[in-house]
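Trainee: Letter by letter, the chains look like this.
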Amino acid sequence: MQSKCNQFSNLCSGLPWAWCNLFRNPFGEITREERAELAIVDVRELAEHVKDSRSAVQLIGECGRGKTTRMLALEQFLPAASYVYLDEDLSCGAIPSGNPLLIDEAQRLPRDVMRTLFSTGLPLILATHRDLSRSLRRFGYKVTNYPLGPSNDASLIMQAMNRRIEASRLETPRVEPGPVPVPRLSIKDAETLVHRFGSDVRAIESYLYEQVQKQVNSDGEMRFVD
Amino acid sequence: MAKCDLSIELDDEADVLHDGGSTISGTVRVKVDADVKCNGLIVESVWRTHGRGNIAKGSADKLTLFTGHWTAGQHIEYPFELKIAAWPPTYHGHYLNIDHYVAARVDIPWSFDPKASVPFLVRAVCENTQAVVSNTTKQIGGVAGGCIGVAFFGAFTMFVAAFVLGGGGILPMIVLAAIGLIGASFFVVKVVLPKWVLGQVICELERKTVSPGETIKGELSFSPRKNVQINGITMKVSANEQCVSGSGSNKKTHRHCLFESTETLEGATTLTANRPLRHNFFYKIPDDAPYSVELSDNKLHWVAEVSIDIPRWPDWRKKIDLQVLPDGKAIDRGARAPELIAEPSTAVGNDGITFEETVRHLWAVRDDPAKRSTLIDAVTGMSFDVSARIERRLLYGGRDAPNVYRDGHAVWAHADDPELPLVLYIPQALGDEFEQIGRKLWQGRSTVLGWDERNERLQLKVEVLKPSDGR
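If you're matching them up, the sequences are chains L and D in order.
Counted the way this note's numbering counts, the first sequence spans residues 485 to 710.
Counted the way this note's numbering counts, the second sequence spans residues 22 to 492.
Treat the hints with caution; some may be incorrect.
Unchecked claim - Below, in silico cross-link-like pairs of lysine-lysine (DSBU-like), each with a Cα-Cα straight-line distance of 35 angstroms or less:
| id | chain 1 | residue 1 | chain 2 | residue 2 |
| --- | --- | --- | --- | --- |
| 1 | D | 229 | D | 392 |
| 2 | D | 461 | D | 78 |
| 3 | D | 461 | L | 535 |
| 4 | L | 698 | D | 229 |
| 5 | D | 24 | L | 535 |
| 6 | L | 672 | D | 272 |
| 7 | L | 698 | D | 78 |
| 8 | D | 273 | L | 672 |
| 9 | D | 272 | L | 535 |
| 10 | D | 83 | D | 320 |
| 11 | D | 272 | D | 83 |
| 12 | L | 698 | D | 392 |
| 13 | D | 392 | L | 626 |
| 14 | D | 257 | L | 698 |
Keep in mind that the hints were calculated from the coordinates and are not lab data.
Make a model of the complete structure from these sequences and hints.
Mentor: Here you go:
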């Protein structure tokens, strides 16, 4: 039996974003796989630095600057890599071998585990809040550091957010007569967001989520910045 | 560049509401741009959350519509009919959204897999225990009392540690005394003081599970110990979304109040000492109320909260979790979940069950911790002939890893079909063998140790092979 829905306002009626050709709010949580697919990062450049044993790359930055996003993109790009996230609230879990080995929140590595891993000489990519160069060099590693933050400029923000929007498109783009439009974040909006939130991509996503959510079941043009 | 394009057209209009547990039909269209080998054109009925919470998802049905070769220029259509999940229903809130989709994918070897998906709307027509939120009733302060107990125990432990390790300095004692004082104050304010004035307050609901449009009924009764002025007695019914994003230090809980309604049971008045007061109260849940939902990191929960507002004194309050569920017939759980195993004693007896059967059973209940735990308990200690595809060696087994072989090591692996994740603990004697296997299929004898909760893998202790195995 099928019937139209009519209830508690519009909680199960229609699709709230169909009016702008989206199937979801583009700035909500996404899966790890999708995060890696949508990442804007030059994985080839990073991968070049970890071709040899005892080579390490450090992605250094505060929360919300894109460390994990870059790590997930690298994991997807490098089939032999293994990715490990170190939880703050849990004891150190299993660390599988990989080439390279990707450790997220590497500053949480216990000393004994750090010694075990660094002794292997495996190429490493570390996402960390703290510079671990000294420890790495003690084990003979050649270290390349990438501070994160300054590169999160308006252009990158615009590209990243528009990718999120495109990934939330309701219809599959057709070759003819052409794709149905979806909202786009302008460079001007991106500049405003960077001015307001700096390099904190997570804060920008959070703000945009609320902005878009305010316009549920609306019509007209989507506004991203007040 | 994809070798073919997919699109899906459903037989029904986009705004048609389908009954959970029914079927959905449509057509997958394939436009082939280049000659391609297709290992499977798969179409699936799935549901997923989206919004602020980590994604929860489930699959109701899956079909392989085609395997074989396509030629450039072909336009082909494949009709399908899939079952729809009975639960959860479609929901579009502020932080929580639940949608159902028909998703199609082409498995092309060594190439990008083209995909397409189209959403559709589902309403729940059957009661479903997956919607049931934990049936807790807590009086504000009662829980705090329990927490205080834990805090006191923790404080005592810290005191002993500080005294023993710190040489008995006075600072630890001051800190611990402060912690104890704060905790005790909280308990007194929230629990003791209201009770001192009002006496024992009894507040119960006739039932905590209701359907939209039904009325919740309850009773509040107490006999004040002294004359007391109150600002009023109210009952608030609310529906709240609660979604968790991230993990570890990035974990954040997002809450949104979807609905709130407050009814006054008693206005401002003065209560007489020792004169019993009884209120029967009623509240009609809106006809179109959204259902209670509890999914991984995504919840919609209903709460009734009764308060007695005492001026210049801590209020008495009690929160009762409600379950708002569909009023359809209770479904036959055996029919709904054919993958559910029988009682462990019959499903996994000591004679004849194979590793493959064990894997299939575990795969079916992998998302149900209670059933999984029962099955794991049943097979722990049993030995099997195992086939496993090796994934990676562990450089470090983890702080919580079982200490199986002193000089051995561990590898991650998975069963063949279904691909249940495994962790194999390998003795030193077999170290070379596993080095040579690399990432291929390993076959040998293993004993089940348990379940690795953190990595969601079946733990197996590899036994040393007998020479007669010919390896």
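Trainee: Each hint should be assessed against the structure and marked as holding or not.
Mentor: Results of checking the hints against the structure:
| no. | hint | result |
| --- | --- | --- |
| 1 | D/229 <-> D/392 | holds, 25 angstroms |
| 2 | D/461 <-> D/78 | holds, 31 angstroms |
| 3 | D/461 <-> L/535 | holds, 25 angstroms |
| 4 | L/698 <-> D/229 | holds, 33 angstroms |
| 5 | D/24 <-> L/535 | holds, 32 angstroms |
| 6 | L/672 <-> D/272 | holds, 31 angstroms |
| 7 | L/698 <-> D/78 | holds, 25 angstroms |
| 8 | D/273 <-> L/672 | holds, 30 angstroms |
| 9 | D/272 <-> L/535 | holds, 34 angstroms |
| 10 | D/83 <-> D/320 | holds, 27 angstroms |
| 11 | D/272 <-> D/83 | holds, 33 angstroms |
| 12 | L/698 <-> D/392 | violated, 41 angstroms |
| 13 | D/392 <-> L/626 | violated, 49 angstroms |
| 14 | D/257 <-> L/698 | holds, 26 angstroms |
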